[in-house]
Amino acid sequence: MKKYDKIVKNALGREVPTIINGVEMPPYKGVGKYIPDGRKHAPRIPSMANYPEDGNKLVASLKEALQKAGLKDGMTISTHHHFRNGDLLAVQIFDIAAELGVKDLVWFPSASFPCHEPLIKHMENGTIDHIEGSMNGPLGKFTSEGNMNGVGVLRSHGGRYQAVQDGEVQIDIAVIAAPTADEFGNAHGLEGDAACGLLGFALADSQYADNVIVATDNLVPFPCIPWQIQGNHVDYTVVMDKIGDANKIVSGTTRITKSPDRQLIAEMTAKFCDDAGMIKDGWSFQAGAGGTTLSVGNYFADIMRERNIKARFVRGGSNKYLVDMLEEGLTDYILDGQTFDLEGVRSMRENPGHVNTSPFTSYNYHAKGNFAQFVDVVVLGATEVDVNFNANVATHSDGYLLHGLGGWQNCLFSKTVILPIPLFRDRIPVVRDEVTTICGPGELIDVIVTERGIAINPRRTDLIEKLKDSPLPIKSIEELKDEAERICGKPAKPELDDEIIAAIKWVDGTVIDAVRKVKS
Amino acid sequence: MGKTVTAGNKGDKIRSDCHVFLELTDSGGWVIEVNTKTGILFQDAIRQKAEEVLNHFELKNARLVVEDYGALDFVIAARMEAAIKQVAETDKEFLPEIIPENTTKSSREQYRFTRLYLPGDSPKLMLNAGIHYPNGVILDLEDAVAPGKKHDARFLVRNALRQVNFYGAERMVRINQGERGLTDLEYVIPHYVNLILVPKAESADDIQQVNKKIEAIKKEQNLEYPIWLMPIIESALGVVKAYEIASAADNVVAMAIGLEDYTADLGTMRTDEGTESFYARSQLVNAARAAKVQPIDSVFSDVEDMEALKQNVKRSKALGFDGMGCIHPRQIKVIKQNFAPDEAEIEKAKKIYKAYVEAEKKGLGVVSLGTKMIDAPVVKRARRSIDVAIKTGLLDPDWMSKEE
Numbered sequence: 001m002k003k004y005d006k007i008v009k010n011a012l013g014r015e016v017p018t019i020i021n022g023v024e025m026p027p028y029k030g031v032g033k034y035i036p037d038g039r040k041h042a043p044r045i046p047s048m049a050n051y052p053e054d055g056n057k058l059v060a061s062l063k064e065a066l067q068k069a070g071l072k073d074g075m076t077i078s079t080h081h082h083f084r085n086g087d088l089l090a091v092q093i094f095d096i097a098a099e100l101g102v103k104d105l106v107w108f109p110s111a112s113f114p115c116h117e118p119l120i121k122h123m124e125n126g127t128i129d130h131i132e133g134s135m136n137g138p139l140g141k142f143t144s145e146g147n148m149n150g151v152g153v154l155r156s157h158g159g160r161y162q163a164v165q166d167g168e169v170q171i172d173i174a175v176i177a178a179p180t181a182d183e184f185g186n187a188h189g190l191e192g193d194a195a196c197g198l199l200g201f202a203l204a205d206s207q208y209a210d211n212v213i214v215a216t217d218n219l220v221p222f223p224c225i226p227w228q229i230q231g232n233h234v235d236y237t238v239v240m241d242k243i244g245d246a247n248k249i250v251s252g253t254t255r256i257t258k259s260p261d262r263q264l265i266a267e268m269t270a271k272f273c274d275d276a277g278m279i280k281d282g283w284s285f286q287a288g289a290g291g292t293t294l295s296v297g298n299y300f301a302d303i304m305r306e307r308n309i310k311a312r313f314v315r316g317g318s319n320k321y322l323v324d325m326l327e328e329g330l331t332d333y334i335l336d337g338q339t340f341d342l343e344g345v346r347s348m349r350e351n352p353g354h355v356n357t358s359p360f361t362s363y364n365y366h367a368k369g370n371f372a373q374f375v376d377v378v379v380l381g382a383t384e385v386d387v388n389f390n391a392n393v394a395t396h397s398d399g400y401l402l403h404g405l406g407g408w409q410n411c412l413f414s415k416t417v418i419l420p421i422p423l424f425r426d427r428i429p430v431v432r433d434e435v436t437t438i439c440g441p442g443e444l445i446d447v448i449v450t451e452r453g454i455a456i457n458p459r460r461t462d463l464i465e466k467l468k469d470s471p472l473p474i475k476s477i478e479e480l481k482d483e484a485e486r487i488c489g490k491p492a493k494p495e496l497d498d499e500i501i502a503a504i505k506w507v508d509g510t511v512i513d514a515v516r517k518v519k520s
Numbered sequence: 001m002g003k004t005v006t007a008g009n010k011g012d013k014i015r016s017d018c019h020v021f022l023e024l025t026d027s028g029g030w031v032i033e034v035n036t037k038t039g040i041l042f043q044d045a046i047r048q049k050a051e052e053v054l055n056h057f058e059l060k061n062a063r064l065v066v067e068d069y070g071a072l073d074f075v076i077a078a079r080m081e082a083a084i085k086q087v088a089e090t091d092k093e094f095l096p097e098i099i100p101e102n103t104t105k106s107s108r109e110q111y112r113f114t115r116l117y118l119p120g121d122s123p124k125l126m127l128n129a130g131i132h133y134p135n136g137v138i139l140d141l142e143d144a145v146a147p148g149k150k151h152d153a154r155f156l157v158r159n160a161l162r163q164v165n166f167y168g169a170e171r172m173v174r175i176n177q178g179e180r181g182l183t184d185l186e187y188v189i190p191h192y193v194n195l196i197l198v199p200k201a202e203s204a205d206d207i208q209q210v211n212k213k214i215e216a217i218k219k220e221q222n223l224e225y226p227i228w229l230m231p232i233i234e235s236a237l238g239v240v241k242a243y244e245i246a247s248a249a250d251n252v253v254a255m256a257i258g259l260e261d262y263t264a265d266l267g268t269m270r271t272d273e274g275t276e277s278f279y280a281r282s283q284l285v286n287a288a289r290a291a292k293v294q295p296i297d298s299v300f301s302d303v304e305d306m307e308a309l310k311q312n313v314k315r316s317k318a319l320g321f322d323g324m325g326c327i328h329p330r331q332i333k334v335i336k337q338n339f340a341p342d343e344a345e346i347e348k349a350k351k352i353y354k355a356y357v358e359a360e361k362k363g364l365g366v367v368s369l370g371t372k373m374i375d376a377p378v379v380k381r382a383r384r385s386i387d388v389a390i391k392t393g394l395l396d397p398d399w400m401s402k403e404e
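As given, the protein sequences belong to chains A and B, one line each in that order.
Sequential numbering of the first sequence, starting at 1, is according to our numbering.
Sequential numbering of the second sequence, starting at 1, is according to our numbering.
Any given hint could turn out to be false.
Unchecked claim - Cross-link-like lysine-lysine pairs, in silico, PhoX-like; alpha carbons within 25 Å at most:
1) K37(B) - K517(A)
2) K141(A) - K280(A)
3) K258(A) - K37(B)
4) K310(A) - K320(A)
5) K493(A) - K37(B)
6) K380(B) - K402(B)
7) K490(A) - K124(B)
8) K13(B) - K468(A)
9) K258(A) - K124(B)
10) K103(A) - K490(A)
11) K258(A) - K13(B)
12) K271(A) - K310(B)
13) K475(A) - K391(B)
14) K466(A) - K37(B)
15) K391(B) - K490(A)
16) K37(B) - K141(A)
17) K310(B) - K258(A)
18) K475(A) - K333(B)
19) K258(A) - K219(B)
20) K402(B) - K391(B)
21) K10(B) - K258(A)
22) K219(B) - K92(B)
23) K85(B) - K124(B)
24) K13(B) - K248(A)
25) K271(A) - K219(B)
26) K391(B) - K468(A)
27) K317(B) - K141(A)
28) K519(A) - K92(B)
29) K271(A) - K333(B)
30) K103(A) - K68(A)
Since the hints were made in silico from the structure, they are not lab data.
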């Protein structure tokens with residue numbers, strides 16, 4: 001099998017393969033242009049007669065569970081990133097697979113982190129064929145240099161759900177790390193030593209995977225309440241010593257910035273929203289992970305407090321700052337997709353206004369609408385933006401894979417999308433002629449806020465009109481780009497090979513861009 | 001083997017800077033090694049810049065290692081020149097082009113509420129200084145530069161004066177004391193510096209010596225632009241001589257106090273309340289006003305405590321100071337906001353000014369507000385408050401017509 005085949009130009013003019021790892025994938029056609037019909041993929045039919053009458057699905061070990069689930073060559077194994085950098089299961093699963101001599105597996109995580117570096121050896125020894133998820137840090141370097149056997153596929157959180165629903169990814173075994181569970185497989189993330197909040201990223205896997213394993217280090221008698229994951233979907237349960245390190249949920253991107261320059265960008269972003277009249281009673285916002293974007297939330301809170309108004313809801317990634325807002329009464333609800341710190345976990349456990357959501361409710365393309373669409377303002381990061389407002393979050397300017405897509409693409413559907421970013425990082429301009437990789441089309445990105453000026457997408461004539469008397473430094477995106485190049489100089493183009501090492505999927509399952517091998 | 005020298009900084013925490021290692025060799029041309037954090041994106045550009053500098057100084061044979069952490073061209077050039085001048089006798093300079101924004105002049109009266117100190121050997125802090133809109137930036141060659149880095153810092157500060165856009169902030173340099181300070185002037189005077197801070201001033205002579213050197217450089221290079229002085233009083237003797245220092249030369253526009261050194265000289269400690277420096281601050285304000293220059297207060301060293309800073313600014317303003325130094329961008333807003341007139345002050349000033357305009361219109365010699373007569377100094381103060389309010393964005397420049 002060829003790694004990829006049949007390259008065509010998509011609607012953004014990017015050359016992308018239409019067959020990837022043997023699976024047909026349509027090229028990107030434009031926002032809202034790809035509307036497949038027919039029926040969703042259906043899960044395998046289980047029958048209760050095949051499961052224990054007393055509901056006790058406990059097996060002795062993770063290895064036994066994997067064996068019972070029929071672990072064999074070429075299977076797709078899924079895991080989840082509720083513990084972020086504190087995940088302990090993924091590496092164990094592939095250690096077991098290697099020990100059993102199983103080859104050519106596909107790892108389908110909802111995100112990867114530096115803690116997954118040990119998986120490189122399993123890609124080298126053939127246990128793992130390729131990853132469909134995110135490839136960060138060491139995994140990104142390994143993949144970018146052309147060392148992964150298959151082609152990596154990067155999807156948004158919503159896109160991951162869509163891929164499962166479409167049957168584009170058929171999960172053979174899902175392993176769900178559950179901070180609390182019962183023998184039947186009901187599970188939640190609110191309590192236990194490894195409490196991490198919610199388990200929303202595992203929802204699709206529990207519904208669609210052929211085999212579902214719930215692993216816990218906090219077994220409670222039936223019923224495990226609330227059942228974020230329903231035991232009715234679960235094949236095997238396993239008790240382990242430790243399933244994850246919740247303290248490692250907090251990482252660099254989930255703390256507020258201390259840099260005065262980044263704080264200035266955050267403050268300008270909040271002012272922009274205020275001058276545009278967005279901050280009003282009953283409004284809503286989402287601030288993504290990243291020190292600057294989190295800081296924006298703090299400035300929003302200041303403005304709401306001063307004006308004595310509140311939001312109807314805010315969307316998480318929740319952290320201490322959002323929890324403080326909820327407890328202070330600055331918002332009625334946190335609609336939370338994942339917790340970024342232990343305060344978020346506590347709040348979700350204690351506060352009925354702190355609600356867990358999933359990629360289905362928030363981000364799913366094959367749904368009759370989703371929450372991300374009704375958010376008034378979303379504030380997100382990016383590694384690069386170009387003069388057409390296209391943005392990149394997946395690769396660095398030198399071509400290396402750097403981040404996963406997370407919920408970033410899905411959030412672009414909110415009413416106003418703002419990217420607060422520095423004009424340059426360590427001499428590398430962030431506003432460019434052309435981004436290295438397109439992850440989000442410019443038509444969905446409304447405002448770029450940098451420390452040296454704010455650019456409004458010309459499509460947003462309403463915002464341009466509203467901000468025309470603002471004292472904020474409104475400039476054109478070309479002016480910003482010129483200023484970045486004047487300060488930094490024009491960087492050389494990265495030296496890339498023709499070989500494609502990863503594909504970037506759009507929320508609807510089409511391929512928006514391809515990532516090429518870096519010449520080492 | 002030739003002599004080896006280095007310049008610049010290296011280490012995990014270094015950003016926007018570079019480190020150069022240079023060895024002059026007898027033969028073999030150039031051997032240049034570039035390791036850069038920017039990877040492929042600027043590798044060739046850095047090498048080109050390095051070759052350009054070596055060419056400029058006519059060095060035919062050299063081994064050069066550049067460890068780069070995202071340094072801009074002017075930084076790379078400054079580091080290379082600092083290294084080269086340790087081993088090669090030359091009068092040449094490698095001057096980056098001067099950006100038009102940095103040829104502006106400043107005026108005697110302009111506001112100096114906030115002036116941000118920037119260590120002269122740290123390029124990273126210089127690049128984004130202007131975006132926080134301090135009234136002035138101080139490229140510091142004195143206390144913020146370690147003794148071993150004084151040489152390197154001169155080239156970096158010189159190049160920054162030519163290349164870094166400070167977005168309208170007045171460009172100031174704090175030179176060292178004594179002879180070293182006079183040599184510092186050679187590196188900054190020809191590059192459109194607006195104002196020189198003279199540290200630890202204790203006599204009119206300290207100021208006049210600096211001025212003599214400035215005049216000599218200006219004459220030699222045909223420089224027309226004004227260069228203002230701001231002496232810093234940092235000792236008991238300086239406080240006693242404050243008026244003499246402030247009136248030592250026509251181009252003194254402000255006088256600052258440095259309380260860390262002053263309190264050390266007194267044998268006491270600085271406190272938030274500042275009782276120990278009350279005399280010195282009052283004396284400085286009085287001397288500065290007598291000499292018709294701006295009195296400027298010391299920096300506030302706790303960069304985390306914004307509330308304490310605010311109280312400090314309020315006390316400072318009440319004593320009669322016109323501004324304060326900042327050691328962190330975060331302090332700028334608090335200082336600006338609290339030196340600027342508050343709402344009640346602005347409202348009062350507007351009323352007085354309107355009454356004044358009204359009286360002028362009617363040809364009245366006496367201005368009155370209600371039943372009160374208003375003296376000329378009161379009008380003067382009101383005009384000043386209004387002017388400050390407009391310049392700090394607290395008042396619409398067209399407030400008069402808009403309120404009618």
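Here is how each hint holds up against the structure:
1. The suggested pairing of K37(B) with K517(A) holds, with an alpha-carbon distance near 20 Å, which does not exceed 25 Å.
2. A threshold of 25 Å between alpha carbons decides the hint, and for K141(A) with K280(A) the separation of about 44 Å lies outside it, so the pair is violated.
3. A threshold of 25 Å between alpha carbons decides the hint, and for K258(A) with K37(B) the separation of about 23 Å falls inside it, so the pair holds.
4. Proximity of K310(A) to K320(A) is assessed by CA-CA distance (about 18 Å); at most 25 Å being required, the pair is judged to hold.
5. Under the criterion of a C-alpha separation no larger than 25 Å, the hint pairing K493(A) with K37(B) is consistent with the structure, at around 15 Å.
6. Of the supplied pair hints, the one linking K380(B) and K402(B) holds, its CA atoms being roughly 22 Å apart against a limit of 25 Å.
7. With a CA separation close to 19 Å, the supplied pair K490(A) and K124(B) stays within the 25 Å bound.
8. At roughly 41 Å between alpha-carbon atoms, K13(B) and K468(A) are farther apart than 25 Å, so this suggested pair is violated.
9. Distance restraint check for K258(A) and K124(B): the Cα-Cα separation of roughly 15 Å lies within the 25 Å cut-off, and the hinted pair is therefore satisfied.
10. Distance hint between K103(A) and K490(A) is unfulfilled; the C-alpha atoms sit about 45 Å from each other, more than 25 Å.
11. For the suggested pair K258(A) and K13(B), the alpha carbons sit about 15 Å apart, so the restraint of at most 25 Å is met.
12. Note on K271(A) and K310(B): the hinted pairing holds, with a Cα-Cα distance of about 22 Å set against a maximum of 25 Å.
13. Among the hinted pairs, K475(A) with K391(B) is consistent with the structure: their alpha-carbon atoms are about 22 Å apart, no more than 25 Å.
14. Proposed proximity of K466(A) and K37(B) is contradicted: the alpha carbons are some 41 Å apart, above 25 Å.
15. Simply put, K391(B) and K490(A) have alpha-carbon atoms about 36 Å apart, too far for the 25 Å limit, and the pair is violated.
16. Under the criterion of a C-alpha separation no larger than 25 Å, the hint pairing K37(B) with K141(A) is consistent with the structure, at around 15 Å.
17. For a cut-off of 25 Å, the pair hint linking K310(B) to K258(A) stands: about 20 Å separates their Cα positions.
18. With a C-alpha separation of about 23 Å, the suggested pairing of K475(A) with K333(B) holds against the 25 Å cut-off.
19. Between the alpha carbons of K258(A) and K219(B) the distance comes to roughly 46 Å, so the proposed pair goes past 25 Å and is violated.
20. Using a Cα cut-off of 25 Å, the hinted pair K402(B) and K391(B) holds, with the two alpha carbons roughly 17 Å apart.
21. The suggested pairing of K10(B) with K258(A) holds, with an alpha-carbon distance near 23 Å, which does not exceed 25 Å.
22. The hinted pair formed by K219(B) and K92(B) meets the criterion: a straight-line CA distance of about 19 Å does not exceed 25 Å.
23. This hinted pair checks out: K85(B) and K124(B) have alpha carbons roughly 23 Å apart, not beyond 25 Å.
24. Restraint check: the Cα-Cα separation between K13(B) and K248(A) comes to about 23 Å, which is no more than 25 Å; the hinted pair holds.
25. Annotation: proposed proximity of K271(A) to K219(B) is violated, straight-line Cα distance about 49 Å (limit 25 Å).
26. At roughly 21 Å between alpha-carbon atoms, K391(B) and K468(A) fall within 25 Å of each other, so this suggested pair holds.
27. A hinted pair counts as satisfied when its Cα atoms are at most 25 Å apart, and K317(B) with K141(A) does not qualify at roughly 56 Å.
28. Distance restraint check for K519(A) and K92(B): the Cα-Cα separation of roughly 41 Å exceeds the 25 Å cut-off, and the hinted pair is therefore not satisfied.
29. Distance restraint check for K271(A) and K333(B): the Cα-Cα separation of roughly 15 Å lies within the 25 Å cut-off, and the hinted pair is therefore satisfied.
30. Note on K103(A) and K68(A): the hinted pairing holds, with a Cα-Cα distance of about 17 Å set against a maximum of 25 Å.
Violated hints, in rising order: 2, 8, 10, 14, 15, 19, 25, 27 and 28; the structure is consistent with all others.
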